[in-house]
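K.L.:
Okay, here's what each chain looks like letter by letter:
There are 2 protein chains.
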Amino acid sequence: MTQAPPLLNDGTRVRDGMPTLGPAATRLIEQLDQVFVGWAADSGAAAMTLPPMQNVADLATLDVYQNFPHLAMVAATLDTGHLPEAKPRQIDPSSLQAAGIGLPSAVCYGFYLHLRGRTLPDRTVLTAMGTCFRNENHFDGLRRLRVFRLREVVALGQPDEIRQHLSRFTALSFRFAEAADLDVTHAAASDPFFDQNSQQAYWQQLNPIKHEFLFGDLAIASVNEHRKFFGERCAISLESGGPVSTGCVGFGLERWVQALMERYRGDWDAAYAAVEAGRVATAESELQRQATKVG
Amino acid sequence: MTQAPPLLNDGTRVRDGMPTLGPAATRLIEQLDQVFVGWAADSGAAAMTLPPMQNVADLATLDVYQNFPHLAMVAATLDTGHLPEAKPRQIDPSSLQAAGIGLPSAVCYGFYLHLRGRTLPDRTVLTAMGTCFRNENHFDGLRRLRVFRLREVVALGQPDEIRQHLSRFTALSFRFAEAADLDVTHAAASDPFFDQNSQQAYWQQLNPIKHEFLFGDLAIASVNEHRKFFGERCAISLESGGPVSTGCVGFGLERWVQALMERYRGDWDAAYAAVEAGRVATAESELQRQATKVG
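One line per chain: the protein sequences are A and B, in this order.
Mapping of the first sequence onto our numbering: residues -9 to 285, in sequence order.
Mapping of the second sequence onto our numbering: residues -9 to 285, in sequence order.
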């Protein structure tokens, strides 16, 4: 099923949850990403590139097949002893080999797996724009995709440093949305990451660890506090002892395009101008923050 | 198996053919891609974004499961009625559902599938940087990866326009390599795309339709003439009648990093300077070309 998202007139089409973006949407995502990567650079983040695949055994240590089996996709190779017909519509499991490679549903897993067994200082900030795969039970234009891109900015270190990182990106996101005249709300969200009967889930009810920025009912960014979960699972230690805490901010790039197109009724130039206004406003607020610190 | 590619000291690691790039390699790829995308823009290309997934039924119309079954990977979902153990090392085919989504081995397939049934003028140039997946029989650092990024610049239209496009990018690539002091050779390559017993393969022997730029034995770019293959398979027509011809140039970004690091013995600043020299030289040659045209 192919659909053109409403208001996108640049050739953008979504087929079965897989987007092909036209020139105007491609440019808008690059412009948005430059803003987010600028905030990351101002935070001292190192910009890395994570692969859109990880070993199943590695993803399993992060409980993804326990917590999200319905969302999971794996990369399977063909059993060349049982080749499918020349023009298959789908590949039957009997023609597949056992799959040792998974397609991750979030970008930041790659950071924790990359840093396994390492010892870090009180504060490390990393960023990457990566590809995420989710087998949702329905797809809806750019609002809900099978494959999409996320810019994540992750902090690892002492709990206080993580909270400061998340507060700072929350403030920047609000300031940006205000300057871009995007009406967003900020809401606590239930993170399905932890077993709902676990102690983690109990604590989460008392003290939410996931917040979302919503444009209408569309979550365009999320702010996630993982506490020591990834530090423990990946044996990433603080120099001062114990596992690192982690937290991440994620910006769903295709959803930002959707939000901007809804707000600006399909006017690309207005959307570019709004993002530029947001960039300037957050660059200024960054300067003010630094001036306040010095003053 | 995790390995750090020789000469890359920025934290870049490759695990089972899946690369995590450190900050210096991430920056070098961005810089290289900006050069290639600049050439594409000078050619009047529209920059689009293609999904790293396509329907199996669509890829099958391009013969990928006939010609490259050993390279193919598909995205399979879990059969939640047969859930794997909580921490699987791999997912057995008995726990997988039939796979309707494929992971493409080249970027440009996405353009032809997107343009199915369309009628185009004598010359259309498109570009995208995308992700490719190949189940190779061995992996080797950044030289041979399971998942990698390719910047492709594709022309669709009259055969003469395709040949001009490919000649122009061949000349730009040589000029760039010379200015960057990268010793590359240009060689005809056998394209496994067509059935080796077919008439296409016969013609290919007489008149090669794939050329590669080699740094030592490493193919860092390829120039491919597809004649009317994709135009016919995807029913993309010329306004003047008949199927379009197509041709593409592809730059393997991680392989360029490998080539530059070998040439500059791991000195990132020397590599950045070489790419900048190449950019300037090809911007100049572009200006000369236009001056000659006008003069």
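One thing to keep in mind: the hints can contain errors.
Some, not all, of what chain B presents toward chain A, calculated at C-beta under 10 Å [stated by the list, open to error]:
1) Pro13
2) His60
3) Leu61
4) Leu103
5) Pro149
6) Arg153
7) Gly206
Footprint (simulated), chain A over chain B, 3 or more residues, beta carbon under 8 Å [what the hints assert, rightly or not]:
8) 75 to 88
9) 154 to 166
10) 209 to 221
11) 231 to 240
12) 247 to 260
These aren't lab readings, by the way, just hints derived from the structure by calculation.
We put the CB at the ideal spot given by N, CA and C, even for glycine.
K.L.:
Determine for every hint whether it applies to the structure shown.
P.N.:
Taking the hints in turn, this is what the structure says about them:
no.: 1; hint: Pro13; verdict: holds (5 Å)
no.: 2; hint: His60; verdict: holds (6 Å)
no.: 3; hint: Leu61; verdict: holds (9 Å)
no.: 4; hint: Leu103; verdict: holds (8 Å)
no.: 5; hint: Pro149; verdict: violated (25 Å)
no.: 6; hint: Arg153; verdict: violated (25 Å)
no.: 7; hint: Gly206; verdict: violated (24 Å)
no.: 8; hint: 75 to 88; verdict: holds (count 12)
no.: 9; hint: 154 to 166; verdict: violated (count 0)
no.: 10; hint: 209 to 221; verdict: violated (count 0)
no.: 11; hint: 231 to 240; verdict: violated (count 0)
no.: 12; hint: 247 to 260; verdict: violated (count 0)
Hint violations for this structure: numbers 5, 6, 7, 9, 10, 11, 12, all remaining hints satisfied.
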